[in-house]
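K.L.:
One-letter residues, chain by chain:
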Amino acid sequence: MIATIARHQILSLRRQRTFLWLLATFLVMTALAGVLGWSSHRTIVGVYDESVKLLATQGLPAPENPFRLKPTLSLLSNMVVYIPLIGALLAIVLGHISLADDETDGIGRLVFSRRINRTTYIVGKAVGAAVVLFSILAVSLAVSTLALVIVNRALPSFGEFGRLAGFYGLSLLYLMVFAFVGMATVLLTHRRSLALLTATGVWLVITFAVPQVTSGLRPTQSLNPITDPVSTSQAFFRATSKARPYSVVEQYKQISGQVLETSTVKGSLTGLLSIAALGLLLAIAIVLLVQRHDYSTGTSSD
Amino acid sequence: MHQSAPVTTGGPAIELVGLSHRYNIEPVLRNVDLTIEPGEVFGFLGHNGAGKTTAVNILTTLITPTSGTARVHGFDVVAQRREVTAQIGYLPAEVRMYPHMTARENLEFFAKLSGVADARRAVTETLDYLDSADLADRRVGSFSTGMRQRIGIAQAIVHKPNVLFLDEPTAGLDPVGVRQLRDTILRLNRELGMTVFMNTHLLSEVAKVCTTIGVLNHGELIYKDSIEATTARFPDETSLEDIYVRMESIPS
Chain G
1 MIATIARHQI LSLRRQRTFL WLLATFLVMT ALAGVLGWSS HRTIVGVYDE SVKLLATQGL
61 PAPENPFRLK PTLSLLSNMV VYIPLIGALL AIVLGHISLA DDETDGIGRL VFSRRINRTT
121 YIVGKAVGAA VVLFSILAVS LAVSTLALVI VNRALPSFGE FGRLAGFYGL SLLYLMVFAF
181 VGMATVLLTH RRSLALLTAT GVWLVITFAV PQVTSGLRPT QSLNPITDPV STSQAFFRAT
241 SKARPYSVVE QYKQISGQVL ETSTVKGSLT GLLSIAALGL LLAIAIVLLV QRHDYSTGTS
301 SD
Chain U
303 MHQSAPVTTG GPAIELVGLS HRYNIEPVLR NVDLTIEPGE VFGFLGHNGA GKTTAVNILT
363 TLITPTSGTA RVHGFDVVAQ RREVTAQIGY LPAEVRMYPH MTARENLEFF AKLSGVADAR
423 RAVTETLDYL DSADLADRRV GSFSTGMRQR IGIAQAIVHK PNVLFLDEPT AGLDPVGVRQ
483 LRDTILRLNR ELGMTVFMNT HLLSEVAKVC TTIGVLNHGE LIYKDSIEAT TARFPDETSL
543 EDIYVRMESI PS
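Residue numbers (the working numbering), protein chains in the order written: chain G, 1 to 302; chain U, 303 to 554.
Just to be clear, a hint being listed does not mean it is correct.
Said to hold, decoys possible - Calculated lysine to any residue pairs in the SDA-like style (CA-CA distance at most 25 angstroms, straight line): (1) Lys-266(G) <-> Phe-208(G); (2) Lys-462(U) <-> Thr-120(G); (3) Lys-462(U) <-> Val-111(G).
Since the hints were derived computationally from the structure, they do not count as laboratory data.
All values derive from a computational prediction rather than experimental measurement.
Work out the full structure: start from the sequences and follow the hints.
P.N.:
So, in structure tokens, the structure goes:
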């Protein structure tokens, strides 16, 4: 029964423009990361070549090409930013339409007057959303690989491909968190617009508010680089900075940077577990919420 | 239609005992006792907000009653939900289904949810039975109200239930659509032996289709009898509409 729900969900999403829009956005995002990486590479190499020529005329030895010091996968470093910013929003939309369509069109009444139980239904929906996200990320992985081949004029090594796959695996986990957020808000509210707005609010909090609070940065620190002004208590910021391991977006960025070797900051197992734990908590929440959800009436389609 | 009807425990098709339901503190159904025998076409009448849809929502397992019991072919709608859903088909007032998918894809999905082993065959047979095979491969989003209603009936009977619940089935239909629906209900009742429970406002259709009527007034069942007995009981009234208006005006 879970497979029936999931297959139907995938087919339904595939027929909708929203899915094509999601796929196109992901591909543009991936291609953009590749183009920016390529542009950056070309600029660095161009400046380096000019410098080598200048140094040669002065009889000075040329330093090593700085691009060779950078890891090959650094070409895709922008993806680490795009996934939490754009990818997470798209995952919210995916989670939202997975459940909201059934309510707005009154299909829930037809579904739940049949043998299926609510846990099976929601698990089927989650599996459907996961398969769609996996497919989109798989296409994105193929585009990334192609970008690496074009820029480096060589196939990625087995290790590099493994790192790339690891990054996309982590991204799938991260995006599922937001797909669950999209689903949970549908089950908590009675209006489609309010559900989507609430999910977007959650995304804003996770992506911007929590990292700012847990970073321990005072709001004016970027303007005034005095670390500990006299008579200003730092207790609040010291306390909130302890919650940093639980800022999932920061953890995602750090672990991704480590996997792609684009950052010197190391991710932690705690960080990975915090993302997985949030996903698990949200999954449990939607299973519980769907049990008490009223499917005898439709949601407002405002 | 190849699939056999689900096994029943005998006894009444529908049995409500002391059924009550309230939304927050607002009572919607008040201590309703009702028995409908297998093979009846039951017309459930009542003004807007009388509690008809709430009764159907309870009988189709969509909501849990506040108190009392509801049974379908002997199975309790709360304690034996799975058995009840095998017995019933349901057509809500507004039928939408998945607009991006064809009628066949929609129907196969609902057939599988009902545990039909050969969903494709069941859908083909159901559409043939309803003379709607021409709609099979068209997307539901492009359908008129009448077409949607035909596919709605198909989804309600694709698993060949014993009891069919229809909530305001004629809403939005033109006169031809209403006549087709009436013929379909009569065929399902006479040829397949389905018990039909129909919420409606259209009293002319009730007179032509139903064998028994019940009248719900502010959540209370104020009347239940066969059509023949009803017309005999109110000899001064010329139509069912007059009888209904008179019933509604009499305190319970």
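K.L.:
Next pair to validate is Lys-266(G) with Phe-208(G); report whether the Cα-Cα distance is within 25 angstroms.
P.N.:
holds (21 angstroms)
K.L.:
For the pair we were handed, Lys-462(U) and Thr-120(G), check the Cα-Cα distance against 25 angstroms.
P.N.:
The hint holds at about 23 angstroms.
K.L.:
Straight-line Cα separation of Lys-462(U) and Val-111(G) no greater than 25 angstroms?
P.N.:
With Cα atoms ~16 angstroms apart, Lys-462(U) and Val-111(G) stay inside 25 angstroms; holds.
In this structure, every one of the numbered hints holds.
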